[in-house]
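Please work from the sequences and hints to get the whole structure.
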Amino acid sequence: MKESSLETVAARPDVASPRLRRGLDMPAGIAMTGFCLVLGLQQVAIKAVADDITPLSQVALRSLLAGLLVLVVARIQGIGLAAFRGRLGAGILVGLGFAGEFGFVAWGLNYTLASHMSVFLYTAPVFAALGLHLWVPGEQLARHQWWGIGVAFAGMLVAMAPSAAPGAPAGDILLGDALGLLAGLSWAATTLVVRRSSLSEAPPVQTLTYQLLTAGALLLPITLWLGDWQQATPSGMAVASMTFQTLVISFGALLLWFALLRRYWASQLGVLSFLSPIFGVLFGAVLLDEPLSWNFVLGGAAILLGIVLVSRQT
Numbered sequence: 002m003k004e005s006s007l008e009t010v011a012a013r014p015d016v017a018s019p020r021l022r023r024g025l026d027m028p029a030g031i032a033m034t035g036f037c038l039v040l041g042l043q044q045v046a047i048k049a050v051a052d053d054i055t056p057l058s059q060v061a062l063r064s065l066l067a068g069l070l071v072l073v074v075a076r077i078q079g080i081g082l083a084a085f086r087g088r089l090g091a092g093i094l095v096g097l098g099f100a101g102e103f104g105f106v107a108w109g110l111n112y113t114l115a116s117h118m119s120v121f122l123y124t125a126p127v128f129a130a131l132g133l134h135l136w137v138p139g140e141q142l143a144r145h146q147w148w149g150i151g152v153a154f155a156g157m158l159v160a161m162a163p164s165a166a167p168g169a170p171a172g173d174i175l176l177g178d179a180l181g182l183l184a185g186l187s188w189a190a191t192t193l194v195v196r197r198s199s200l201s202e203a204p205p206v207q208t209l210t211y212q213l214l215t216a217g218a219l220l221l222p223i224t225l226w227l228g229d230w231q232q233a234t235p236s237g238m239a240v241a242s243m244t245f246q247t248l249v250i251s252f253g254a255l256l257l258w259f260a261l262l263r264r265y266w267a268s269q270l271g272v273l274s275f276l277s278p279i280f281g282v283l284f285g286a287v288l289l290d291e292p293l294s295w296n297f298v299l300g301g302a303a304i305l306l307g308i309v310l311v312s313r314q315t
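Here the working numbering = 1-based position in the sequence shown + 1.
Don't read these hints as lab results, they were simulated from the structure.
Bear in mind that the values here come from a model prediction, so they are computed numbers and not experimental data.
A virtual CB, placed ideally from N, CA and C, is assigned to each residue, including glycine.
A portion of the hints provided could be inaccurate.
Said to hold, decoys possible - What follows is a set of in silico ranges between Cβ atoms, one per label pair, in the way DEER data are often shown: (1) PRO28 to LEU176: 29 to 35 Å; (2) LEU225 to HIS145: 44 to 50 Å; (3) THR234 to TRP148: 45 to 51 Å; (4) GLY35 to ILE77: 29 to 35 Å.
This is the structure in structure tokens:
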């Protein structure tokens with residue numbers, strides 16, 4: 002493939018000339034590590050207050066609020082309503098993919114562990130690589146990338162082997178893990194829409210606006226219909242978690258990711274980005290006291306190895 006899978010999964014913000022990009026330096030390394038730490042906390046932040054606010058409600062509210070903030074940034078950058086109307090069809094499609102991704106994350110966290118979701122969500126580069134190979138000219142997989150896909154899928158089978166956890170039957174864990182894979186598949190589908198539509202040339206903040214606002218507008222009515230907000234408890238922890246998710250994860254971290262991709266080589270950023278699921282597993286074990294079964298550790302390691310192979314350009 003010509004580009005890093007991680008760059009394409011991140012909505013391909015390649016509006017800057019590649020000649021203007023450079024190798025990683027210390028500030029970029031520190032910023033990227035912080036980015037991975039924040040994303041590693043994402044599933045933990047949702048799971049920690051799930052008893053106060055349902056995961057789906059958290060995702061819906063944070064998407065809508067962060068989307069409004071990103072829309073303000075877009076307007077400051079000179080992206081007017083005419084530009085949004087011009088790419089509305091593609092924008093709605095990527096928004097639906099984004100809503101599906103985090104809808105499955107929220108649904109799955111009702112059944113599986115945050116550490117499991119952190120790993121299965123990041124299977125997106127594998128699914129994206131397969132889709133790009135099939136439908137995007139010039140994105141065909143090399144031999145080592147096919148090996149990576151094989152290793153990753155073998156890891157999925159091992160990691161999803163039935164295993165129970167305290168308070169979570171094996172069947173529930175398996176269902177939640179499967180929903181995590183669907184979240185990764187939805188993320189990959191969003192990549193394909195971006196690459197095969199006019200959004201491939203759009204400013205990244207415009208794509209992010211479509212994603213967040215569509216997800217919020219779609220998921221929030223669903224939570225109201227389900228009656229989730231009638232059972233919500235605005236505890237101090239819940240408010241803190243929602244503030245963190247909205248301002249730091251959905252708004253700040255994603256804008257930081259796009260900014261880094263405009264200035265540094267995506268292939269080098271992609272290597273560091275695999276810290277996110279690792280941090281997610283560690284935070285789940287340390288902060289939520291989640292058990293780590295041997296098959297999940299072994300399978301998760303194989304998945305990450307497969308993703309590294311798939312994302313390597315040479």
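Comparing the hints with the structure gives:
1. Range check, PRO28 to LEU176: about 42 Å between beta-carbon atoms, so the 29 to 35 Å window is missed.
2. About 48 Å separates the C-beta atoms of LEU225 and HIS145, a value consistent with the hinted range of 44 to 50 Å.
3. Here the CB-CB span from THR234 to TRP148 is close to 49 Å, well matched to the stated 45 to 51 Å.
4. As the Cβ distance of GLY35 to ILE77 is approximately 24 Å, the hint placing it in 29 to 35 Å is violated.
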